[in-house]
Amino acid sequence: MGCKEKSLNTMGEIRKEKGMKMYPEELERALLKVQKPGRYVGGEALSVVKDKKDVEVRFAFCFPDIYEIGMSHMGIKILYGAFNRVPYFWCERVFAPWVDMEAEMTARGVSLYALESGDPVKDFDFIGFTLQYELSYTNILNMLKLAGIPLRSADRTELFNIVVAGGPCACNPEPLADFFDLFFLGDGEEVDLEVMELYRQCKKEGASKGEFLRRASQIQGVYVPSLYDVDYHPDGTVKSYTPKEGVPATVRKCSINDMDSAYFPDSFPVPMIEVVHDRVSVEVLRGCIRGCRFCQAGFLYRPFREKSIETIDRQCRDLCASTGYDEISLSSLSTSDYSRLNELLDRLHTWTEQQKVSLSLPSLRVDNFSPELMARVNSVRKSGLTFAPEAGSQRLRDVINKNVTQEELMRTVTVAFREGWTRIKLYFMIGLPTETMEDVLAILSLGQDVVDAFYQCKDKPKGKAVEVSLSAAAFVPKPFTPFQWFGQDTMEVLREKQRELKSKNPSRRVSVSYHGAETSFLEAAFARGDRRLCAVLEKAVEYGLRMDGWDECFDFDKWMEAFAACGLDPAFYASRQRGFDEVFPWDHLDYGVTKGFLMEECRRAYAAKTTPNCREKCSGCGAGCFKGGICVGGR
Amino acid sequence: MGDVKNVRIWFQKTGAAKYISHLDLTRCMARALKLSGLPVWYTEGFNPHIYMTFSMPLSLGVSGLRECMDIRLTEEAGLEEAAEKLRHYLPQDISVLSAAVPEDPFDAIAYGDYELRLESEAPECLWLAIQELLAQDAVLVKKHTKKGEKEVDIKPHFTQMEHKAMPGWLALRAVLPCGLQGSVNPSLLLEALSEHKNLRPYVEITRTKLLKKDFSDIR
Ligand code: SF4
Ligand code: SF4
Chain A
1 MGCKEKSLNT MGEIRKEKGM KMYPEELERA LLKVQKPGRY VGGEALSVVK DKKDVEVRFA
61 FCFPDIYEIG MSHMGIKILY GAFNRVPYFW CERVFAPWVD MEAEMTARGV SLYALESGDP
121 VKDFDFIGFT LQYELSYTNI LNMLKLAGIP LRSADRTELF NIVVAGGPCA CNPEPLADFF
181 DLFFLGDGEE VDLEVMELYR QCKKEGASKG EFLRRASQIQ GVYVPSLYDV DYHPDGTVKS
241 YTPKEGVPAT VRKCSINDMD SAYFPDSFPV PMIEVVHDRV SVEVLRGCIR GCRFCQAGFL
301 YRPFREKSIE TIDRQCRDLC ASTGYDEISL SSLSTSDYSR LNELLDRLHT WTEQQKVSLS
361 LPSLRVDNFS PELMARVNSV RKSGLTFAPE AGSQRLRDVI NKNVTQEELM RTVTVAFREG
421 WTRIKLYFMI GLPTETMEDV LAILSLGQDV VDAFYQCKDK PKGKAVEVSL SAAAFVPKPF
481 TPFQWFGQDT MEVLREKQRE LKSKNPSRRV SVSYHGAETS FLEAAFARGD RRLCAVLEKA
541 VEYGLRMDGW DECFDFDKWM EAFAACGLDP AFYASRQRGF DEVFPWDHLD YGVTKGFLME
601 ECRRAYAAKT TPNCREKCSG CGAGCFKGGI CVGGR
Chain B
1001 MGDVKNVRIW FQKTGAAKYI SHLDLTRCMA RALKLSGLPV WYTEGFNPHI YMTFSMPLSL
1061 GVSGLRECMD IRLTEEAGLE EAAEKLRHYL PQDISVLSAA VPEDPFDAIA YGDYELRLES
1121 EAPECLWLAI QELLAQDAVL VKKHTKKGEK EVDIKPHFTQ MEHKAMPGWL ALRAVLPCGL
1181 QGSVNPSLLL EALSEHKNLR PYVEITRTKL LKKDFSDIR
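Just so you know, the sequences run in chain order A and B.
Residue 489 in this note's numbering sits at position 489 of the first sequence; the count goes up by one each step and never skips.
Residue 1097 in this note's numbering sits at position 97 of the second sequence; the count goes up by one each step and never skips.
With the rest of the complex left out, here is chain A (with noise of 0.2 Å):
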């Protein structure tokens, strides 16, 4: 380690020496009149510099959306490191600069820059962005303009300014396909690196990008949007995908099976200024055993696989030692969930409590709370304890296959009253199928439920009232899930069930708050959306639509005028109920859960039928194609 740190120092001073800068000169006039300007001038500890002629392909790694979310995201660690082992590539990081950053940049005709080297995003080899949210999309349009770089796939002719993509949301890419050059389904960390090979290869070999892109096309996990042509009945539902130039009809997603001996960094660039998630975080385990049928997750990243407590272990230790940080998250799914849970902590305990380093679990479960589990993990005692029931009866929930029940939720929560806990914060969803006004108000009931044990509780807090605060988000059916058919409730009915849970609020004690019901309907329309989406999206940035995820730019009117200039309809994707036998615009990519599989989920929903979790039982998903994790292993 020592080794490694000295080389990336002696490059700090290499550039010290040299008067470089981390950030264009000209933007200094703009970044006291911006706020947070330490988002925009990188200089942070373990960021990696590397000397330009040493390195053969550079890569800027684009999160779409500012720096404080984007550098407390786990993947962009990962594959900063992974790609910057390899000594002839470097990856540097770009961020969405905030709107007023925007403005001066655009006003002082500042390009997008990458935070390493300050160098415009437009000299790079490779442009990737991560997909984690729908309404992060035109975030991605807005980057590619600010760096100058055509954002249509067609009109970038040379093998170079590859635009790629990767992350949940690459399921369904096709509302991006016209824009990116390929995108990678799956785990990233070692087919990225194999296409940044062949790029490499295809260079010194001075070949095409067309060239680049068919080969790239037969690696697993990859796909190239632009070798599949789109056919569309005429009622505007998908007729076929036809694979052009003998690229494969399906593209299977890439599936790490021995997470041990997978790529984890040993260090990252530790941000200067606070970020969102200002910690260690280490993945303990990739996957979810469980399925709840909502959830998207759930089912992209099966099979279920987790490390070794070993490996966690000496992770952990790595990241502390470089970094500094004094918080460990046990990051995952569903991390209480891992096996050996009291076994890692106890692991962990042998050296974080003498380090001063403390331990968090980023969700928690009903079932499996206990006083004993919150003595050894600290930080959530600040802002009380959260838990994610999701539906308010019980019905419900066997319909949602959240396997919740009201006495494990009752008794968790007069745990935590006894505990000397009094805010508990309970997440649901409002516009699952099947539901009536009588389920979401079983919300209330839930919530009232909780006050009531509040107070039959002998131990309770003395002196203290009890807060119940009930988050209702819409629900919002995505590809690869048993409700990937669903018609999601229209913005109407959405708000019929909010102004219910409001006006019929029993209890002083008890808070309700939710979502907008149009931000919901423009992610449902993108998530299941098209091809001919791409179109809406060009319109949107043209606009002047961006930061959507942020109240404060989000602006619905204008996005039904970008739809509607380019005659198409949200409510087509968003609010159609779809039939078994539509063709989806992504079922030529295979992430091993089948079709059939999502069907028979879906019947078994409707009838409030659940379905065992993959430790119980194998129903037989298909993720069993890929050989790994909770699919060979023992249960």
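Everything labelled a hint here was simulated from the structure, so no lab data went into it.
Just so we're clear, the structure is a prediction, and the values are computed from it rather than from any experiment.
In this text, a Cβ means the ideal position worked out from N, Cα and C, and glycines have one as well.
There may be inaccurate statements among the hints.
Residues of chain A clear of chain B, computed beta-carbon distances all greater than 10 Å [said to hold, decoys possible]:
(1) GLY43
(2) LYS239
(3) SER331
Restricting the straight-line Cα-Cα distance to at most 25 Å, the calculated cross-link-like pairs of lysine to any residue (SDA-like) are [claimed, not checked]:
(4) A:LYS33 <-> B:ASP1003
(5) A:LYS617 <-> A:ASN403
(6) A:LYS33 <-> B:TYR1202
(7) A:LYS458 <-> A:ARG423
(8) B:LYS1197 <-> B:ASP1217
(9) B:LYS1085 <-> B:ALA1100
(10) A:LYS36 <-> B:THR1026
(11) A:LYS36 <-> B:SER1095
(12) A:LYS356 <-> B:HIS1022
(13) A:LYS36 <-> B:LEU1065
(14) A:LYS36 <-> B:ARG1117
(15) A:LYS36 <-> B:LEU1060
(16) A:LYS33 <-> B:ILE1050
(17) A:LYS36 <-> B:PRO1201
(18) A:LYS145 <-> A:GLU538
(19) B:LYS1146 <-> A:GLN35
(20) A:LYS356 <-> B:ASP1024
(21) B:LYS1085 <-> A:PRO265
(22) A:LYS33 <-> B:THR1206
(23) A:LYS33 <-> B:THR1208
(24) A:LYS356 <-> B:ASP1113
(25) B:LYS1147 <-> A:ASN403
(26) A:LYS356 <-> B:GLU1044
(27) A:LYS356 <-> B:ILE1050
(28) A:LYS33 <-> B:LYS1197
(29) A:LYS462 <-> A:LEU373
(30) A:LYS33 <-> B:ASP1024
(31) A:LYS356 <-> B:ASN1198
(32) B:LYS1197 <-> B:GLY1061
(33) A:LYS33 <-> B:PRO1057
(34) A:LYS36 <-> B:GLY1037
(35) B:LYS1005 <-> A:GLN355
Chain A is fixed; fit chain B with the ligands onto it per the hints.
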């Protein structure tokens, strides 16, 4: 407290680091101290943290060439070595100059020595404008305080400035009150220029050092 020794760390905050707040700086320092493995003293209590105390915080955007903070070491550690270790783990634009035994308490700090570089096509003209400004009976600017806005006369603080005109720049040196008894922010001069003279040149501000009452360097 046992055998603890106060150590004063002298450092610079420049380049990218001038754009981070004082709170961010303390976080960076805490992480670097943790990494350095130096035998730092932790505060006692429910939530122990590394003991650090800073002299006068710099405003966002102002560079500092000779800033200091005090830490405590629980074991004997070479000062040179301590400086070297800490330097290694800090971001490149927060650079450690040296570590030393503190001679003066922080409340002995009375002034900051500032350099202001104002961008100007005609630096001599800008200097004339500044002189005109300071020739007024009083130079009132609005100061934002916790209790709301109030008008202050900054004239007495800026009359002693040195100046130097360079191609494209006017450099000013001002020694301004900077201490626990009260501070004058060098940017007030720019506010006065803007309010009274309608001039808004781009400026780079650097605090070159901190001084005692008798204008000698704090040590
Ligand atoms: S527990 Fe359910 S909601 Fe959570 S990640 Fe797993 S499948 Fe998704
Ligand atoms: S194949 Fe079986 S064990 Fe594997 S992910 Fe699917 S349901 Fe779970």
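Which hints, by number, does the structure contradict? Those not satisfied are hints 1, 4, 8, 16, 24, 25, 31 and 34.
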